[in-house]
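The listed protein sequences derive, respectively, from chains S and B. Residue numbers for the first sequence follow full-length UniProt numbering, so the first one is 1 and each next one is one higher. Residue numbers for the second sequence follow full-length UniProt numbering, so the first one is 1 and each next one is one higher.
Honestly, the hints are just simulated from the structure, not real lab data. Any given hint might turn out to be false.
Said to hold, decoys possible - Here are some chain B residues pointing at chain S (derived, C-beta under 8 Å):
(1) L71
(2) G102
(3) H133
(4) F161
(5) T180
Using N, Cα and C, we set each Cβ at its ideal position, and we do this for glycine too.
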Amino acid sequence: MFRFFAIRVLRAVLTVALVVTFAFIVLRLSGDPARSIMGDDASPEAMAAFRREWGLDQPLWMQYLHYFAAIFQGEFGRSMRGGGPALDLVLGRIPATLMLTLPALLMKLAIGIPAGIYAALHRNTAIDRAVMVTAVAGYTVPSFVLGLVLVQVLAIWFAWLPTGGTGSLQHLILPIITLGVGGAAVLARFVRSAMLEVLGQPYIRTASAKGIPWAAVVRGHALPNAAIPTVTIVGFMVGNLIAGSVVVESVFSWPGVGNLLVVSVAARDLAVVQCILLLVAVAMVLSNLIVDFLYGFLDPRLAEANSSGGH
Amino acid sequence: MANLAGTTPASALTAARSSQPLLTIEGLTVDFSGVQVIRGIDLTVARGESIGIVGESGSGKSVTWLAALGLLPRTATVSGSIRLDGEELRGAAAMRLDRIRGRRVAMIFQDPSSALNPVIRIGRQVGEVLARHQGLSGSSIRAEAKRLFELVGLPDAERRFDAYPHELSGGQNQRVMIATALAGKPDVLVADEPTTALDATIQAQILDLLTTIRRETGMALVLISHDLGVVSETCERIMVMYGGLVVETAPSESIFASPRHPYTQGLLAALPPFEGALRQLVPIEGQVPEPENMPPGCPFAPRCPQRMAVCEVTIPRLAQTEAGGFSACIAGPATEAQKPLSLKTSVLA
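Next comes chain B alone, as it looks inside the complex:
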């Protein structure tokens, strides 16, 4: 059971290189026709780690990862560096990216029903990956697809091979998407709001599935969500994004115990408690600024209860906090780190 998805455990594969992060993003910016939506993101993903990216809609969570995989439309201008095992992906030739996408880095999306091709049988949609990245063909595709469908808990796996997406429920389609992602035996799975379009009960099942698969395959998981609750249960490390910037990053438990950034604090206050008495939920007033109307200073300043005059003119940089995280807030208590933009964190056991 230790190797359900057939992936070589990360530890065995990379003992020698474990000091080097699997994926490194440095100074990533994305412009859409002159409007900057990602304003300099730095992050690293270590082998086997799980990292949650949180923020409201429009904070730039998804765009960051679409940019990393070269999946943005041609109208987008991407700068900075995205390296996988030291290999630069930005500006890489399509052929090289095609060998990385689906094989080393897989991605699943928000609405599984529209993310699957409506006129292609789901078995073929999984089989495509098996044929391209595993070199399988014919009956071995069918057998491997069945194994993957069973692995992701798709009922009646054998018969589902010939089903179309519209014959499955949303939750089942997301399982198919996960099976498709696992088919390439990736080192990283980027799950972009994988449960947002699903019922609450199904949400929990899919998150459990992702956690289980990560443990058993040793792949890293990047979970993108607007829901801090979803991310904190599934991930070891959390990165909070706002206005195309990272505003706080910290281990999951310390984000809950001592959130540093006022935006993180706001997200927590808006979250129903997991246990104990119900309390009044506090919404964050106002809205995420449009990229073309971004405030000159801290992007959160217009909504921030701890706003100071300086916040409206200076963009705060990430600085190390005593809890082992980084926060980009002038008002919040933080000590300046030596390398403020480097987010090196150790993998938690």
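Pulled out of the complex, with its shape left as it was, chain S reads as follows:
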């Protein structure tokens, strides 16, 4: 078990390091922070001074080493725009983002899982098709389109809800719905196919042949098996809690991490962008780790493979 744990953690750390490295290189190749922050009409002397101050005059590999050494000391750099510590800036935005993404996650689970199970149990009926048509629509419509439509209808025509911004609970409703619909649709489709797969297995027929009522077969025999693949996709959604609302935050001008990311990328505020990407990578990798361990609980076959060190 320890070996299993150690390998997973090592792999997780490596994943984060790769993400950070990739972000570091791409950000520096894709634009000049001095130009975007100082503006095009800044004097060459001012530009040079800015570059010196932020270490941008050093060779790329030196910058990279400095950056990594700093991370290990818990130092994530300072915002080039505001001057404050990048980490504080990002952490300050997380509560606002979670205010949207956590309720949206609950909405995805509360709608997606029952809808998927119901559709699978009523396969090829009108209800199944209705659920699936809704689900396909729900996940093919991009969230910015859905957000804008909701704003147009509910905020502008009917004037029931605010178009964007913060200040009241009403401000939360449209962004949460916009976030939740797509995820609920994805989950419904996924759970449906996982359930159909399980319902076709011989052990379901065995359970029926034992005289177990269908409802108990579904609850006791099918759901525990369908939960195994479903955990993967739910884990992915949990990993997306911090960075999964970039588009929606922009549409509704919500002051969360996603909004900060968009602004910081546009400005080439390197430390802030890197800090956000690092946090996102850590969140994703952590939720993946949790999923791996949940597998051990849900699937006794894996639990045994893990404890004996295999995979």
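Given chain S, work out where chain B should sit, using these hints.
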């Protein structure tokens, strides 16, 4: 030892009703989206008897019994009659079927490793039946499960209660399946290719186990197999199926001594002899026809060495043979029975 599985011996229970067969299937047909795969099956199972259903894959052996227990998917259309002690099962409400399945008629399947739920401990899988059909709970489930595991020869029965199916071998899992089937103290056990997925040595053990249990509990056994050898050793009566029809039925020994139907003869010729010198095995040429391409006449006609012109246009009916069996062949010598589709046979001692 006479009552190992706790079932009341059939003789004591049903002396008064012994004339009535336990299970009767009449005119059973099954369609899958318009394609008929079972084309009119009649059979009876008497109390305590052992009947073997033989045929190649696709002959309809398993579907017959899945249909009888209402275990086919909703896309299947079943017609005809299935009666257990005179009670009609076809179209019966789910609640009634749930009291019959696992309790009066139990069924075990081909691949025990996939027929057991991989995420549920085997003790619970047996315990479910005990709780539902025997009304047991708590520690009495554990005790009864242990007794059943010992009965079916599962080593280390006590500890196995908490094991998962993947921790057991295929043969051990099939023993668990049999224990699960016995847990309901059924009147009939339908074993659908119970040894096909197992090693040859384990096969013999499982068949012996089924025979022993049947003798000791007095339950009837329906053994479905593609292997005539397996069935003939275990069963008193044999029913040969082909193309969704019964083509021959006879007591086990007379099937071997004088097979009537050319298909049965073909199956025998393809079977290695139990004793004596090895001989050349003769395969049956060709394949079982697909249900959607079923020949208009005798389903076996395209592969039959004794085929006549009439075989390709007429579906032969079962007719009594002099050996006490029934055969559905125009070419084979047979006398027309008064009720050609009734397969009443007496239980052999």
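Against the structure, the hints:
1. About 6 Å separates the beta-carbon of L71(B) from the nearest beta-carbon of chain S, less than 8 Å, and the hint is met.
2. The interface hint given for G102(B) holds, since its Cβ lies 3 Å from the closest Cβ of chain S, which is under the 8 Å cut-off.
3. Here the hint on H133(B) is kept, as its CB sits about 6 Å from the closest CB of chain S, short of 8 Å.
4. Given the 8 Å rule on beta carbons, the hint for F161(B) is violated: about 14 Å separates it from the nearest Cβ of chain S.
5. With 8 Å as the threshold, the beta carbon of T180(B) comes within range of chain S, its nearest partner Cβ sitting at about 7 Å, so the hint holds.
Of the numbered hints given earlier, the model fails hint 4 alone.
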